[in-house]
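Asker: Sequence:
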Amino acid sequence: MQHKAARSTVGTFILAIFTTACLAGAYHFMDQGLNELAQARQIQRLPVTPLSILAQGPYLVTGQVSDRLGTYTAPYSKTQAVYVRYLKQQEYRDTDGDRKLRTIDSGHLGGKFQLQDESGSVVVNPGSEPEDIDWGLSRTWHDQTDDYVYSEWALKPTETATIIGQFDPDHQELKFGQLEAFSLPSVISTFDPSSNTSEEYSDSGAHISLATGLLAMGLALGLILLKIHRLWVYALTMTVAVSGTLSLVGVSRMTQEWSAIATLYEGRYQKLADSEAPTLALADVAVLNHLIHQSTNGWFDRWMFRQQLENRLPLPELNEETQLLVQQALARHHPTKHTLSAIGIFLAIGSLILAAFLMHKAIRSIKLKRLIEAVPTSNTKGLSFGLAELSGKVESDDQHPPLHAPLTNKKCVAYHYKIEESKGSGKDDKWRTIESHSEHVPFRLNSHQGGILVYPEGATFEYSGHHKSREGNQRHTVKYLEPGADIYCLGFAGLDQQQPDRLSIQHEPGLPFMINASDEAEIVLHKGAWGFAGIAASLGLFLFTATSFLIADGRFSPDNLLISALVVPLVLCVYTTILHYNDLVFLKNRVSRARANIDTILQQRHDLWPMLEDAVKVSMAHEKELLTTIATLRAAPPVTLESTHKVGQTIRQEQSATQSLKAKLERYPDLKNHQVVLQFMELMTNTENYLSLLRDSYTDSACIYNTRIQTLPDLVLAWLFKFRPAPTLDD
1 MQHKAARSTV GTFILAIFTT ACLAGAYHFM DQGLNELAQA RQIQRLPVTP
51 LSILAQGPYL VTGQVSDRLG TYTAPYSKTQ AVYVRYLKQQ EYRDTDGDRK
101 LRTIDSGHLG GKFQLQDESG SVVVNPGSEP EDIDWGLSRT WHDQTDDYVY
151 SEWALKPTET ATIIGQFDPD HQELKFGQLE AFSLPSVIST FDPSSNTSEE
201 YSDSGAHISL ATGLLAMGLA LGLILLKIHR LWVYALTMTV AVSGTLSLVG
251 VSRMTQEWSA IATLYEGRYQ KLADSEAPTL ALADVAVLNH LIHQSTNGWF
301 DRWMFRQQLE NRLPLPELNE ETQLLVQQAL ARHHPTKHTL SAIGIFLAIG
351 SLILAAFLMH KAIRSIKLKR LIEAVPTSNT KGLSFGLAEL SGKVESDDQH
401 PPLHAPLTNK KCVAYHYKIE ESKGSGKDDK WRTIESHSEH VPFRLNSHQG
451 GILVYPEGAT FEYSGHHKSR EGNQRHTVKY LEPGADIYCL GFAGLDQQQP
501 DRLSIQHEPG LPFMINASDE AEIVLHKGAW GFAGIAASLG LFLFTATSFL
551 IADGRFSPDN LLISALVVPL VLCVYTTILH YNDLVFLKNR VSRARANIDT
601 ILQQRHDLWP MLEDAVKVSM AHEKELLTTI ATLRAAPPVT LESTHKVGQT
651 IRQEQSATQS LKAKLERYPD LKNHQVVLQF MELMTNTENY LSLLRDSYTD
701 SACIYNTRIQ TLPDLVLAWL FKFRPAPTLD D
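Residue numbers for the sequence shown follow our numbering, so the first one is 1 and each next one is one higher.
It is worth saying that the hints were derived from the structure and are not from the lab. Careful, some of the hints might be misleading.
Pairs of lysine-lysine residues, derived as BS3-like cross-links and limited to a Cα-Cα distance of at most 30 Å, are as follows [as the list claims (entries may be wrong)]:
#, residue 1, residue 2
1, LYS430, LYS468
2, LYS88, LYS100
3, LYS411, LYS393
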């Protein structure tokens, strides 16, 4: 017990660490993903501004790099550049023999340089910390000498560069500070800005999906940590936490984003108040306005555009010259259109399939949990026909002797033995199963009320003990269920083939059969944990698939987070509805099965009366009262549960007739020895006992089913799908 308690404490501590890590990771990745999304949207809105009209504020500019302010000599290639980042690495082999690289020397050289376009030029000042800038440069030098690898990334004169920076009119320079306030990155790149935007969109979608999955997983683990496994509690918590978080974050981030773009737009718009504002400046504002409007996606996005720009800062009339400049600028602007690569499509479809698989597994796990909760624990004496739940100790006897587990030679009623062989070495070391087999024998499940025989064929086991040993490159593992172990058993209580007058626990196709060394509370918590974790993971994967295709269409925005906030409770509602509907179907089928079993026995009993009448007519012609009763029972139509009010009456008549017949047998030895009568009495006695069990099973099943369809939320489903109450048997 102390070992089990210590293991439980360690498990709780590890679970708490994972819960905290998931929630912290959710916050980190959500913040990172939303920042990337805001930056991608802001870059998409910025037009390329001519250098001659730069004023205070952030701009996206492009032009040719000039060497007028000097250059630097690259340390390895000895070429001239205005900026160069260099890296020297040494190749070596680790302890596993794998080739690795370690950095020997790295750094950067650079300073101010000039950028020029058709309208003018400007000085670009990377500042004292150029590593804070996103340098989108291709590798310009790569060489390997002996074990050393040399690499350089250089920005050379005459190259075309795209820059996102903030213009300082006092010093007439483009600088790279305080761009975070505008949700813009600091960029100096030789690539098309749309490629950076596409990458930002992809990263943001992946990070937001991961954050949602981690948040859902953290909540699931937190509820498990608190030993809460109710689905409705989980659904409510997920709806409030995930939907609330996505809603608040979406609205908050969109408000910040629009505040930033409105400030940026207003800074350029103010120049238009000057009647001598150049035509290029007016065209630049008009293009910016058009791109902002073009990037809006969703009702909240459009509402913010009207409030922040359209109504407050209306665009003035444009003359023909300005309109022509606007059209030319828009023609040069390439809207972001992210096309999913083959790998992206594979990941999106793969995540969708995996999400559906995990959802299916989660439904099965929670369905089994709810089944365990729905089936009442029976005692071995009051056991009735059908699915049953029992708890007790494992016992073996002389009729069913125990096995001996490999390795330990301990007595057991079931074991699973596995031999694994090690292949490879180091990190490539893997264990491969070379032998695996299981054995089991029938055993008795004893409780303080008595015992019942269990036939474990077809059951899933959770063993009470295990042992491992290693011999050379082989590892031997055995798990076993030993006599005296406390177990939980869920299985079908049916007629024992060896002793038809008794019930035994056995496998029945279509019904669960489990033998578990844990108690019911642990099993319920474990199944709930797997179900909650599966739901959490599937939600994150579903969102990843959705964002992947939204990004590919260029329509992903914070507005989509609001949609996601509505999707989460919808998915959970559908999920919960499926589970409750499946519960009702199972309970209804359980009642139907119990009804069908009773109908079968009633028909079997009815078919016996003609044979008995023929036998009794010969030997007991003077017993007119008994013959009349038998003839009446024979002539009556078979009773089924379709007419439940007649079942009790007919059974009482049959019992009265058989009791009377038993009394007469003692007075008429010839009749007592009649083969047909003996056969009848044996079958009637067996079916009498069997029918009693079936009636108890039906009553229990009908009671549970009727209770469920009369309580919320199953009451609503019962009304929608027309689940009718099951009739009860009259005593």
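Asker: If a hint holds in the structure, say so; if it doesn't, say that too.
Answerer: Checked hints:
As the CA atoms of LYS430 and LYS468 are separated by approximately 17 Å, the hinted pair is consistent with the 30 Å bound. The suggested pairing of LYS88 with LYS100 holds, with an alpha-carbon distance near 13 Å, which does not exceed 30 Å. Distance restraint check for LYS411 and LYS393: the Cα-Cα separation of roughly 14 Å lies within the 30 Å cut-off, and the hinted pair is therefore satisfied.
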